[in-house]
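Asker: Next come the chains, spelled out residue by residue.
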Amino acid sequence: MLSLKNDGACHGIDCLQLVVQGRPLEYHGARDVRSLLESQGEKAAYANVRINGNVLNRRDFENIPIKEGDQIDFLYFMGGGSCLI
Amino acid sequence: MFNLSDEEILRYSRHIILTEVGGTGQQKLKDASVLVVGAGGLGSPVLLYLSAAGIGRIGVIEDDVVDVTNLQRQVIHATADIEKPKVHSASETMKQINPHIEVDVYHERLTKDNILPLIDKYDIVVDGVDNFPTRYLINDACVMKQKYLVEGGILRFMGLIMSIHGGETACYRCVFEEPPPPGTVPSCAEAGVLGAVAGVVGTLQATEVLKIVTGVGTPLFNRLLQFDAEELRFHEVNAPRNPKCPVCGDNPTITELIEYAYTCETQAPGTS
Ligand SMILES: [Zn+2]
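Taken in order, these protein sequences are the chains called A and B.
The opening residue of the first sequence carries number 0 in numbering that gives the first Met the number 0; numbering runs sequentially from there.
The opening residue of the second sequence carries number 0 in numbering that gives the first Met the number 0; numbering runs sequentially from there.
The shape of chain B in the complex, shown without the other chains (with noise of 0.2 Å):
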């Protein structure tokens, strides 16, 4: 039996319509729980997406303020939201959009300490991020938790995408085993990024969400999406699970959540 109102039934009428999703589809939607890391560059789309989607209860957290260097991709907040700490920018825009969804506000950094109660709510995670350390963070505590993760980038006209369901198919660190070497690899503070990508990307990650959900499809499992906007051009290549991986290998090296320590921020980690 379906707990959706009339007005419910309307809204979501597009979705209900495609027979793969129907109400069966809508109502696992309406039941499950993400939580977004980050609501910047690709926190925004996809808490927008996830929410006219009518997914049920979306936790958001995030420990910036909004900024006016952030309007130019940062899609779910608007001038008027200079200053404002992001959660709550965000999650007055997502209830605009659905007064049916709940949204759990966290205003605060995603830490070792934090991460593993915090994802233990949801069924699936966003990372939304524009820092290693927290990336590095997500990933192995979504592995120790064999939680779904939806980890996505971005810099510069690049994008990546890459679906991992912890413990049973390919992890960030199967790929990239550990962060780049220090000064390798600069920030969209440093380098910049074409705003639209991150719309790209961020849309990406939450279709893969909703096909998570709802079971529709072939996920971005042990495969790595590269994106190229310059050229407009998507590369996918291969990633199965690697058995040296540190943390989802045969052997693995962490057993415990680690943190980077940044050398170099002149602030605070902020998101993408």
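Just chain A, same shape as in the assembly (with noise of 0.2 Å):
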């Protein structure tokens, strides 16, 4: 599970406040969910995402912007490697 790592005040136009994991973070990277697992680190690539409560398709990590006072879940997949069809 990642640790959450922040980078700086909140205290501009450029900064979130999000709750990641429970937990909150102040993010300043590109408003979009790919951009957000990417900050936080490799072990992000294993997750499905759920924004307040909704589970997120992965293919659409890009297009799906997040904002101020997201709740944001890492649903971390695990047990077993993932070469199939």
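You may find that some hints are simply not true.
[Stated by the list, open to error] Quick list of the computed label-pair ranges, beta carbon to beta carbon: (1) R108/B - H27/A: 43 to 51 Å; (2) D59/A - G21/B: 45 to 53 Å; (3) D59/A - P181/B: 38 to 46 Å.
[Said to hold, decoys possible] Beyond 10 Å from chain B on every Cβ pair, some chain A residues (computed): (4) L15; (5) Q20; (6) G21; (7) A29; (8) R33; (9) R57; (10) N62; (11) E67; (12) D69.
What the hints contain is simulated information worked out from the structure, not anything from laboratory work.
Every residue, glycine too, gets a C-beta built ideally from N, C-alpha and C.
Both chains come to you apart, so use the hints to assemble them.
Answerer: What follows is the structure, encoded as structure tokens:
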């Protein structure tokens, strides 16, 4: 599971206050799910993502916006390799 | 009336003294039957604790043999067991721990052809596999048969636990609708796993089985618990039933068992 990386104070227009994995996160990156995942390290590549309770389709991560106050959970796939069709 | 011998009453006295369990709960454990799929990283602690707790009949299905690389986490097997079928090594250990239990041994792979009659013989199924095809197969079969299923998964320093009552509470597909895309999620063989993480998750799975059987407390239904050993944190996610779930939703599209095919396995799918 990822360790949250706070990347600075949240005092400007370019910062979002999020709740990620149940903990507050000040986020400065691009406002889409893929960018958030990437900002939080490689392990997020194994995850499904839920925003405010809704599970997202993995194929749409770059098109899904995140906004102030979003509650984001990473649901990690665990228990097997994914070499399958 | 309890069907417990003097030796059993003494053996299980630390259970029986728990007012929530008592003799009644211990008798329920003795009357219960549990199928554990996989005698590997997760299966080891599950089988050890279920045996010690006096689950009356425990089935274990696994087609693999003990390998030296298993011993870092698969604590039911010993160095002398290398090359033995895991089911035999496991059942020997289980009977040494508790001669009062019955162990059903299946030295075979769980498939869509044998799973339904097999799980019919047990009250609860525990998932201790390390491949997605079998994981989804078990989930779907338990939904179709309305079985209790205790899910568990591990990878690197992380673990996941979820309890399911097929058709009644959220299933694995309610959260993870389909397997991850090819190449995105490594196996423990590829990415590694801290041995004790298997102990944490497997022991929690065994705890859930004992709770479901005795009726003590609240099972991890409609909730997903993620464990992060690096930060030593648990993160719980609410996971209610998903009306769009392909197997237990309002309009299920999966009405027959399916087995996802492998494309890049270099060896037979093993257990975590
Ligand atoms: Zn479901």
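Asker: Against the structure shown, which of the earlier numbered hints fail to hold, in ascending order?
Answerer: 3, 5, 6 and 9
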